[in-house]
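For the record, the sequence lines run as chains A, B and C. My numbering numbers the first residue of the first sequence as 1 and each following residue consecutively. My numbering numbers the first residue of the second sequence as 1 and each following residue consecutively. My numbering numbers the first residue of the third sequence as 1 and each following residue consecutively.
Honestly, the hints are just simulated from the structure, not real lab data. Remember, predicted model here, so these are calculated numbers, not experimental data. Take the hints with a grain of salt, since some may be wrong.
With a straight-line cut-off of 25 Å between C-alpha atoms, the simulated PhoX-like cross-links for lysine-lysine are [claimed, not checked]:
#1 B/Lys114 with A/Lys523
#2 B/Lys245 with B/Lys119
#3 B/Lys298 with B/Lys276
#4 A/Lys523 with B/Lys276
#5 A/Lys398 with C/Lys325
#6 B/Lys333 with B/Lys362
#7 C/Lys73 with C/Lys108
#8 C/Lys100 with A/Lys398
#9 C/Lys108 with A/Lys398
#10 B/Lys129 with B/Lys101
#11 B/Lys114 with B/Lys184
#12 A/Lys523 with B/Lys101
Chain by chain, the residues run as shown.
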Amino acid sequence: MGVPEVLQPPLSLRILAAYRRFIRWLTSARVLLALILLVMMVYLILVPLYRMVETTVTYQERDVLAVPDAVPGQLTAYHWVRMLASRVSRVFLYAPLQHSLVVATGATLLAMFIGSVLAWLVIRTDMPGRHLVNNLATIPYIMPSWTIAMAWKVMFNTRVAGGTPGLLEYLIGRPIPTWLAYGPIPIIISSALHYYTFFFLFVSAALMSIDSNLEDAAELAGASRSRILRRITFPLVLPALLSGFIMTFSKVMGTFGGPNVLGTPVRYYVIATMIRSSVAIGEFADGFVLAIVLILFTIVTIYINQRLIGTRKSYETIGGRGFVAHVARLGPWRKVLAAGVIVFQVLVIALPLGLLAYDTFMLHPGNYSLSNFTLHYWIGKSDINIANGTPGVLRNPKIYSSAWNSIRLSLATAFFTALLGVILGYAIVKGRGTRLSKLVEQISFIPYVIPGIAFGAVYISMFSKRVGPIPPLYGTFALLVIVSVAKHIPYSARSGVSAMLQVGRELEEAGQMAGANLWQRFKRIIFPLTSAGFVSGFLLTFITTMRELSLIILLVTPATQVLSSQTMRYTENGDTQMANAVILILITLVLIGNFIIGRFRGGSLKKGLGM
Amino acid sequence: MGTTITIKNLTKRFGDVVAVNNVSLAIEAGTFLTLLGPSGCGKTTLLRCVAGLEDPDEGEIYIGDRLVFSRARGISVPAGQRDIGLVFQNYALWPHMTVYKNMSFALEIRKLPKAEIDKRVKESLAEVKMLGYENRYPREMSGGQQQRIALARMLAYRPKVFLMDEPLSNLDARLRMDMRAELKRLHYVAGATTIYVTHDQVEALTMSSLIAVMKDGVLQQVDTPDRVYRCPSNLFVADFIGNPKVNLLEGVVDGQGCVDLGEFKVAMDTQGVEGKVVLAIRPEDIAVYTEPTPGTVKFTVYSVLPSGADSTIVARTGEREVTIRVPGISPIKMDDSVWLKFDPQVINLYDGATGNLVAVRKV
Amino acid sequence: MKTLVKVLSACMLVVLIAGCAAPAATPTPTPKPAPTTAPGQPTQPPSPTPEPTLTPDEQWLKAAELGKFAPAKQDWAAIEAAAKKEGKVIVYANSSRIEKAAAMFMEKYPEITVEGYDLGGDDAVIKVREEQKAGAYVGDVWFSGGGPDIFGDLLPKGYLIPFVPDDLLDVIPPEARNPLVVARYGVRVLGYNTELNPNGCPITNWWQLTEPEWKGKVFIEDPLTDASTMGILTTIASHAEELAAAYRERYGKDPVLDPDTPDAGWLWVKRFAQNSPVPEPGGDEVVEAFATPGMKEAGVGFTSYSKYRDTVKGKLVFDACKGVKPVMGVQTQAYLAVINRASHPNAAKLFIRFVLNEGFEPWNVIGDYSARTDVPAPKGAIPREELNVWTQDDAYVYANIAKMRDFWAMNLLQ
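With the rest of the complex left out, here is chain A:
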């Protein structure tokens, strides 16, 4: 017997129903937030990217000098042809690109090795002093990346770059080979020594989460130790290695400082140097072409890496239950190994800092004798004969205002970044599986691969005019905060996602059932539960922003001078002692900040990286 047809409701009703459903979808928490975030990120990330691309495919004012009938604003392939297929391509693009790839790959692999070994020693063996090693491991990240390069120079300087011989040559009395002092090898080593922290943190987190039952089962089945390591432990650690690889590789690819110090004297240039060069003489189009090539290469490398390893870039959080896994016994070599590791770490930290500190007490550079000792650069009054009359750093009101600006900038950036992180985490995790969430996550990943200097260069012109209700921001503190927050979006997304994953879906649903709206749920349930993640994201951003230079150097103005750019000013003026003193102040402030912030709610650098 036929069932009576269900009458289709009239068209008007269906339209109304569809409209209502659309509004409901639009105003649902995760969608609303995702859309707001999307708009923000379009403006902060995609628009600069677009502007960069646009600059490279149109004639710029300066091009009239080289191409007389160029019309500024007209579309052209000139810049791309110039950089990719002209006589200058090899020196401006291909050779530096090759150098960048070599250095980035080498540094990443070396950092991977160091970080992983240290992590294994700390987590999985009975080496004495593990706790100390653990704490020391995060410090190299706090120092600006080029301090190790500078210390290297002091140690290893050799005659090819002129000047007095470095400490090593002085000690052993014989000239050291050039490849050890300058060029790719020193750059790789000094970068690895700075970035191994990433790998250490990631791998140790992964190792901690591996249930030793997995390894036990293998052992009972008769597998040898090395086999267990290879077939069980290693694959479980792979996602951590991948994450560390992505972060380290993209950062090293875009680094300017270290290669500038250790590469320039032997004419070993990297892409970041060439970008800086172009921007310095106002050839933004050249610089952006290089930046885009850099970005593409970074993306491709990461992609290949992901394919090889076959895992997603986001990984599961650890339970943090703190169960004890198998500990390998190291036998009679324990103490020696421990001593070796600690010495290594202390060297990597103390030596650069020590050399910097020593340098600030020397009146004349290069003269290591005690008669040259002076406190002038710290507390000396203004003396026109020394450093152009700049008073010692502790007496210099400019230093205090710069330090205050640095702290302000870092705190503000850290706050907004961490806040953004929680919201990003919510939108991405709650919408897991939807295209919107995937889009948000993918866009948030982009600033990883954009070199800081290119970012800053685009931002100059982006905000120099009014946009809707937003007044021109060039020269304001707000702009520095905005560009710093934009650059840190990937990190905040990562730690936000991780923090949100720890908050089970049901905890929020229980809030929904209780009648709480989105704001109430955020305020009373989500924020309190992700506070550790918030604080950690805060900490990581604080540290990074304090020593950030290339991103903001072009945007900093006298009123917003920060410590890192102040260092650059002193260096350019030839006041190295002042510069080094400022760096030491910077590092001290960061360490203090690290300590204070870490006391809040169990936040830590580890969690800030998304673990």
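Given the coordinates of chain A, assemble chains B and C onto it according to the supplied hints.
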């Protein structure tokens, strides 16, 4: 007092999978309805649709006279405004809040005065026998205690409908039994309409006034526990309900008023059905004789499992194996011979092809 | 339904990007007719033609009595009074000594606060350009280098307004005030290590720097990352005649050009680049590379003559190669000007006059020279008349610096 719940043609899909397939239910006020079925059958999804945590793809939901969801009209009242309470399988107590704060949260949202909140919290805690725990944190309590707090949290704002998603599955067996009694009592006292999700059929049978058995998103049978137990509407339900399991015996209608099971025959009215059929008979409905008796079939005892109040015996003949339940500790031993009576009055007959109930037991 | 949303959001995205990314019409002020740069020409006499409506820039010029609205004679009493009312002046400089000058100014005029900022040479250009484009008129005084960009970009756009105190017209020669007044001169010279070369500079002719003996021993600040050094190289390339003469002097024949070198100037740069000069990341590194006491091997380098101050203090063992042919080095200029639409134009004028008078003191040290003919070089420095240097040709540099960068990179890194 509780309200009615009406579900019409509810369908919910996740990608290609149809989790809930055109389900319709009319639940009277004060009912304790259990959604019963194996995992993946759609019962939790259905519950979450009623709760407002998922939006169905088709259908309508009424709570009382109020339309809280209609796909066709594009209406969906947010979960917090449907006046319903939900107890999660994992309790979902907010770990950073005390018991008191957990319970007062919903009341503060509703802007109740402090004195009233205080009163309600104390009352609800008393109802679950957890007075004195106001200032504890969830992590300081055991699983059973957390479960009761979760319950109290729901009770505090006196919803008209209780929804519970396998609330007892994380507790140990002893505690589970105690809690069942408590829950049933609470339901009775509050008089709220309750929808209870479980995969444990014993729970369903002991607690509900109505059971809805689901499989692959489709309702199999909606009936009182008694009827679901005694007259399952298809083989799936028959097999799912009952512990020990019902005996399902496949055979063929021989055209002479019997069902031929191979090793023996059972004479019964097959209601015109021909071909393959399945006989269903509950273990406790098979009479056991220790001596040959007319109208019985000889079986050999395969195993005997005494368990205090009764004993479960598995007996075989030929390829056939049946499970029997007898009261008390049975003296029957393994390898003994027993004679079993298959009384058509207590047998349900099912169509061998469709699995549907064809002839229902008379008694 | 989902597709509809997708399409809508995609459209929204594109519109947003295009809208935000399209650079809004930049409010370019009507370009002022660029004053001629030929030396010896006096500035145009001001003749404010009455116009029906003035642009905002012109209104400001009129109020500030600058540019085409400048009066025949400056009334310093009025300017000083107006400056005190303004109460503040913001200076963009490229020297850290601006602080000292600021302090001195504030001592003399306590009613006026000076905010002096030490920007890098390139940064000042970017800063003023962006501020003017944004309409965010913050800076008052330009006190920095950046010649090529000034003449190629900032001046034509009217971002900088020339101003010379008229009581100094006699002591500042025309070439030092057209189109902008020169605040000070600096000199980049070829320097050598006096400890290892007690008999004087080992270099007598620039072409020696292209010879095998000096391969890898010449130090310069990396032109690729330091625009001013690249500017110096470009200036060098513009003096083909003199380099050709020096070539003839050394080798006794005319220089043979390569296909990619149009003249002897570019030829020199090419040969120099091919001779493995050592780029250093900073000026300090350059001079330390060849003139640190206690070194065993000699080198030479291009560096600022102001480093000689450190020699006096005993920090370095450096001196300039005074007799080298064709020249000792290249002269650089720092200019003074009022920034367009400055909020404190009178204080700006006052400050400019101050720096050209007693305010010059912080820079009256070895290595820096005043543009005034009546201010002698400090004790121990080479007098300006004896400086055999080339002046930077800003127009030429602006037009060729990009080409030079390509040229340099290709020859250096081949």
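ask   = Any hints this thing doesn't respect? Which numbers, in order?
value = Violated: hints 2, 4, 5, 6 and 11.
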